[in-house]
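Given the coordinates of chain A, assemble chain B onto it according to the supplied hints.
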Amino acid sequence: MIDAFLHAAMMMTTPILLAAIGGLVNRIGGLVNLGLESMMLAGALVAVIVSAKTGSSTLATVAALGVGAGVGLAMSLVITRLSANEIIVGLGFTVATAGLVRFLLKSIYGVSGTYNPPNVAMLPRLDIPFLDAVPVLGAIVSGQDPLTWLAWALVPATAFVLQQTRWGLRLRATGAAETTVRAVGLAPLSIRDASTVFAGGLAGLAGAHLSIGVVGLFNEGITGGRGFIALAAFYFGRTSPFRTALGALLFGAFDAAQIRLQGRGVPAELVQTLPYIIVIIVLTGLGLSEKRRQRARTL
Amino acid sequence: MTSIALPRFANVIDAAAPLALALAIGAAVLLAAGFEPLGVYRLMIEEAFGGQRQIAATLTAATPLLLTGLAAAIAFRAGIFNVGAEGCFYLGGIVAAVVGFAAPTWPSFVLILVALATASLVGGLWLVGPGVLRARFGVDEVVTTLMLNFIAVALTSWLVNGPLLARGSANSATPVIVANAALPRLLPPTTLHLGFIISLGLVMLYGIWSRFAVGGLRSRLVGLNPRFSRAVGIEPAPIFLASMIVSGAIGGLAGGIHALGLVHRFVSGFSPGYGFTGIAIALLARNSAIGVVIAAVLFGALTSAGANIQLFSDVPIEIVQILQGAVMIFAVANLGFIWNRRRTVR
Chain A
1 MIDAFLHAAM MMTTPILLAA IGGLVNRIGG LVNLGLESMM LAGALVAVIV
51 SAKTGSSTLA TVAALGVGAG VGLAMSLVIT RLSANEIIVG LGFTVATAGL
101 VRFLLKSIYG VSGTYNPPNV AMLPRLDIPF LDAVPVLGAI VSGQDPLTWL
151 AWALVPATAF VLQQTRWGLR LRATGAAETT VRAVGLAPLS IRDASTVFAG
201 GLAGLAGAHL SIGVVGLFNE GITGGRGFIA LAAFYFGRTS PFRTALGALL
251 FGAFDAAQIR LQGRGVPAEL VQTLPYIIVI IVLTGLGLSE KRRQRARTL
Chain B
1 MTSIALPRFA NVIDAAAPLA LALAIGAAVL LAAGFEPLGV YRLMIEEAFG
51 GQRQIAATLT AATPLLLTGL AAAIAFRAGI FNVGAEGCFY LGGIVAAVVG
101 FAAPTWPSFV LILVALATAS LVGGLWLVGP GVLRARFGVD EVVTTLMLNF
151 IAVALTSWLV NGPLLARGSA NSATPVIVAN AALPRLLPPT TLHLGFIISL
201 GLVMLYGIWS RFAVGGLRSR LVGLNPRFSR AVGIEPAPIF LASMIVSGAI
251 GGLAGGIHAL GLVHRFVSGF SPGYGFTGIA IALLARNSAI GVVIAAVLFG
301 ALTSAGANIQ LFSDVPIEIV QILQGAVMIF AVANLGFIWN RRRTVR
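Going line by line, the protein sequences match chains A and B.
First residue of the first sequence? That's 1 in my numbering, and the numbers climb one at a time after it.
First residue of the second sequence? That's 1 in my numbering, and the numbers climb one at a time after it.
Only chain A is shown next, with the shape it has when bound in the complex:
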């Protein structure tokens, strides 16, 4: 019982974590990505299509990465080169992509909402010998797909790159002091575009995890707002990949809990609101402490 829950919690954390790490990097580069949901959705659909066509989950994963990165690039270019408001463009991409996906499903496959082709190759589950017999630990680490491993590997990797490497410094500078970056001869807009492409690619992978890692088909509601929960996770994490991962884990656990709580008298709809409530509380706390700091400074 507890093992099944932990396993599900890890599984539901993966898409949120992947997208949240992307969103975090994107935000550090100076762009708040509200289009993660659209990139995730595109990735989920393309993964199913390619997986059914080729029978290769690897190709499908690469295709999802590519399409997510492509949508990310398109969104980034509109924001950085046409100086458009990131919030509206992100929401616009979410609306337009949801429409486009449903439009294509109807006009190409003649299905409404759900695309369930035969022979979808699923992502392999990595069973770890000996460890899978250990009660709690086995449920957490064994039987997860490669994208879950990738997501968790990215947490320390991102922290390292951000803090210890030239690329991390450039990215942080782009978000914090764009003119300085320009003054030393780098192109801040291109660096920002690269961070959005990274975020888009990871969101595409998150979509692939949902469609060919968890369920094996595509449904228009498959992302279920997880792009926005990822937003909640990286707002929770502020600038730290580890805190972001903690947020993603928390929200993934809520997601897994909510499925289990259905039919037990606890309304699933209310459990779904928890990530959003937590983010508002965190933002309120940050605002209050910022205000207090300002007041202390003026005194």
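Derived by calculation from the structure, the hints in this document are not laboratory data.
There may be inaccurate statements among the hints.
Partner residues are not named here, just some residues of chain B that face chain A (Cβ under 10 Å, in silico) [to be verified]:
| hint | residue |
| --- | --- |
| 1 | 34 |
| 2 | 134 |
| 3 | 136 |
| 4 | 149 |
| 5 | 153 |
| 6 | 283 |
Glycine included, C-beta positions come from ideal geometry on N, C-alpha and C.
What follows is chain B alone, placed relative to chain A:
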């Protein structure tokens, strides 16, 4: 003469360019899917404006958008990025529906007034939190209002699946409101209802207020430059808060009118994104009242025509959603590069 006419012309192009680009993208999608774009667009125009019945359907579809567009415009004008109208729409809808079936003995006028007033009240109260956070602590209102949307949708969805679920109803819906609570129809047998007049009236009021009232000038100054407005003695914080609350109240009213005028109950999935379409409308309109009316009718036309062309041809209705999203994207993009070169040569 030309110096006065020119900027106006540029304004029209500014508003028309995103639309033209969105239509071009829509055409590309249609073409790729094997449809004939011009034919589809012509059919859409016919289905939206081809006769009295079609026009009535277009205006009915435009009714909620007039108000969500107005809600966004009021906030944006004061520099408040409120994206929370969608949540207010859901809450206003459910509150109005509850009043509409809970007080069957009240006279029609009182019942409608109370239902719409509570819908606005709840919508306004819903955004007090983000308003205070922004005005007093500088907390980013985009994220808080966006998060509140999800909370409102989940909350209302829980209410209609549990406590408020109509007896014997399989789908998640409240009981139907009493006949007394329904907004009168303007042109039976079409569904055009009094809500359209109310909404249009409010947008016109906003137009007058924004142009001639002191408050209208203040909100514009705060929106353009809060530091300057503080320097000339207009404190931005109360205006931020007031704009947020009024914006929420109008979002709630929009939901209330939608419930009493068209749906006659609250159902799960009450709004297909009216709040977000309202954002696109306000942006296209550059927050002007007349612009909100034009853009709302346009999006209303898209919605009602989209539903019909799906019936008469096999073009999926989602083309409308694609166009809406594309308009949102291009409405905020600086498309100046397209004709800037020409203008500087002149």
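Now the hints, each set against the structure:
1. 34: 7 Å, holds
2. 134: Interface hint status for residue 134 of chain B: holds (9 Å vs cutoff 10 Å).
3. 136: 7 Å, holds
4. 149: 9 Å, holds
5. 153: 9 Å, holds
6. 283: 6 Å, holds
When each numbered hint is compared with the structure, no violation occurs for any of them.
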